[in-house]
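Novice: Protein chains in written order, with this note's numbering: chain A, 1 to 528; chain B, 1 to 289.
Hints are all accurate, no fakes.
Simulated crosslink set (SDA-like; lysine to any residue; CA at most 20 Å straight-line):
no.	chain 1	residue 1	chain 2	residue 2
1	A	Lys229	B	Gly42
2	A	Lys229	B	Glu141
3	B	Lys253	B	Val64
4	A	Lys281	A	Gly504
5	A	Lys229	B	Leu36
6	A	Lys495	A	Asp421
7	A	Lys423	A	Val487
8	A	Lys229	B	Asp142
9	B	Lys253	B	Ala191
10	A	Lys229	B	Asn37
11	A	Lys528	B	Glu7
12	B	Lys75	A	Ala189
13	B	Lys253	B	Gly62
14	A	Lys280	A	Val335
15	A	Lys280	A	Ser340
16	A	Lys489	A	Ala427
17	A	Lys229	B	His35
18	A	Lys229	B	Phe232
19	A	Lys489	A	Leu478
20	A	Lys528	A	Asn286
21	A	Lys496	A	Val485
22	A	Lys196	A	Lys280
23	A	Lys423	A	Lys496
24	B	Lys75	A	Met185
25	A	Lys229	A	Gly139
26	B	Lys75	A	Ser522
27	A	Lys281	A	Gln344
Please keep in mind that the hints were generated in silico from the structure rather than gathered at the bench. Computed from a prediction, not measured in an experiment: that's the story for all the values here.
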Amino acid sequence: MNAYATDAHHDDDHHHGPPPGLMRWVTTTNHKDIGTLYLWFSLIMFFIGGVMALVIRTELFQPGLQVVDPHFFNQMTTLHALIMIFGVVMPAFVGLANWMLPMMVGAPDMALPRMNNWSFWILPFGFAMMLATLFMEGGGPAAGWTIYPPLSLQTGNALPYLIFSIHLLGVSSIMGAINIIATIMNLRAPGMTYMKMPLFVWTWFITAYLLIAVMPVLAGAVTMLLTDKFFGTSFFDAAGGGDPVMFQHIFWFFGHPEVYILILPSFGLVSEIIPTFSRKKLFGYNSMVYATASIALLSFIVWAHHMFTVGMPLAGEMFFMFTTMLIAVPTGVKVFNWVSTMWQGAMTFETPMLFALGFVIMFTIGGFSGLMLAMTPIDFQYHDTYFVVAHFHYVLVPGAIFGIIGGVYYWLPKWTGNMYDEKLGQAHFWLSTIFVNILFFPMHFVGLAGMPRRIPDYAVQFTDFNQVATIGAFGFGLSQILFLVLVIKCIRGGKKADDQVWEGAQGLEWTVSSPPPYHTFSPQPVIK
Amino acid sequence: MSESVQEKYYVPEAARWPLVGSIALTMLLGGFAMHLNGSLLGPTFMVVGLILFIIMLFGWFGTVVNESESGIFRKWEDTSFRMGMSWFIFSEVMFFAAFFGALYYAREFSVPWLLGEGSGLSTHDYLWPDYTEIWPTNGPEDLGESDFHMGWWPLPFLNTVILLTSGLTVTWAHHAIKVQNRKQIVQGLFATVALGFLFVFLQGVEYVEAYHEGMKMTSGIYGSTFFMLTGFHGMHVTLGAIMLTVMLFRAMKGHFTAEKHFLRGGGLVLALRGCRLARTVHLCLHPVT
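With the sequences and hints as input, model every part of the structure.
Specialist: Have a look at this one:
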């Protein structure tokens, strides 16, 4: 390390700690502070989006209309999705990246620290704009998060606010992704070659490319909606030579890579956690990297599998079916690698490991139902039923969210310097796992039996399974309060964590103290 | 490796401008939304937001320029800026890709289907049996009732030549920086900026001509794609020309030494503009089937 201590051309040694007061958080350029902001924002939005989900489940407890009117129900389904995708999973990933990427590659901070601040501080404004629509004339957006025209063009005063909030969230994501790419490419420690980078870094690297490739496409799609509604263009109007289906193509060209944006960093988190608690190196590191890259590349040529029933030429249906099924290959490589990592390992089952195991099993269930949906003739039966809802909630809740929660437990002792309450953590895992299955598993059955999604009422025959799902929803929602309590408890005190924290943990982040100093790795370590 | 000689990376302390930027964007876009919904307060919010945004740009860029001139940035930081700019330009390309995608879809799929090709036979027979128009088209309902379309000659062709030439002049300025010929830096940048604004002016002339002939944004899919693509492109040229104007003034003040310059970002913007316009001309303005 000292070999590089040559010319200290500018002296900024006089500031080590953060400035006091609230302005610290508003003006910070420190990657750890910004990571913390992102993570808290994500947790707050998780509860807001969760309450919306509970409104949906309450209405669906019985057939008929009891609690909310159908228009408000549609607003809840739309905003629940937008919040969970853009307000919870993506900010949580960016928060984890902010905290951990510089520490994992031996960088002094993120490459563009001021822009880093801006990419966070756009988010609260964007979501304030989106949520404010709930109180406007005509209510919030209610056409589903996919905002298909012509239905979405019938939105009331909310439409321009929704579109501009999506623009703001897109700007935030693009800036965050550019920052992550520049950090990884330019700020790695000497000797930290690409193929030595931890997998969380690799998965985020690839995710960042997906983000800068598709967020602008979404911005373009919603801009066309705006001009169709207010400026008389005919992109999605057949009378002028356009086509409503064109929106679906552009939207899903964004939407399918977006799906992988929501899962790839969780793949990385699980690939960090499983080797640590198996006390073995990750099995098949290289193939993990190549599999992630393959998934990302394939994600650009599968989008129309969301639109099998819209009326496409047969050749299109075949092409998108086979490319979609091809994705199962690299994904399978990943699952087999995780299992092989555990094989004959000296395993222990602390909370992060439990969440990672839950991820591997339940994400695979979601993956299999995805394979079923990939088959065109079968999708004709399942399209827009609760089977689809069950599928993507399995990959997103016990998939993406479990990965995030596992990552938080894994690094919480590093961030705070205190061990979390292990008993409470395990209780959180078991309650979450039991209730998440009670919540989503019955949806497979009602979906196969033909219950359509995004409708507040249903045929009486679906009542039993819907009641079970609603009970699961409240159980899962209440279990997350345990998580909030646990995080606050851990920040306020507890058994002190040593620098290593986990016996089997590898990587640069475990070489610094717990909690780490405000500025880490300046000067950089040299990786042998 | 450049990292091995530079031990410390510059991390700025407190940043006040990002919050100003967020407030400005929210007021600008929120005001626009209010305006679209018919609120009379909308334009006021937009103007205040825009002014705040410009103040933010001056403040933020000014800080960075001062830091750059005081010698805080070295090769390591400079590389981050370059990467940031390059990937930002990539994201811009993807934004245009959405609109080019719409153009492609309209020409290859939606219009032929409306004419009865492929699975569109019933649509054609039952909804618009009289529709026979191939590209360029304002749709089966003849929206705007004008068949005018923008040919490739003479204005679009001239504009293409102007943009390609501006790519040459900015490369000339870049070369001049490398060999530190200050006179040529200023000359090259001035020529580029002048060509940029000339392009925007001619684009305006073209729009006036189109509107005079009745071809508007509301003239079906042809008008939609034409004005959205060339409009966003014109916005990019304007912004790029403004950025290069700032660089011109900085060059006249003696900024940009051979080692410290950040012109490549601007140069890339111009080069890309050239490519994009060439594609626009071929795909959009040129009315082959």
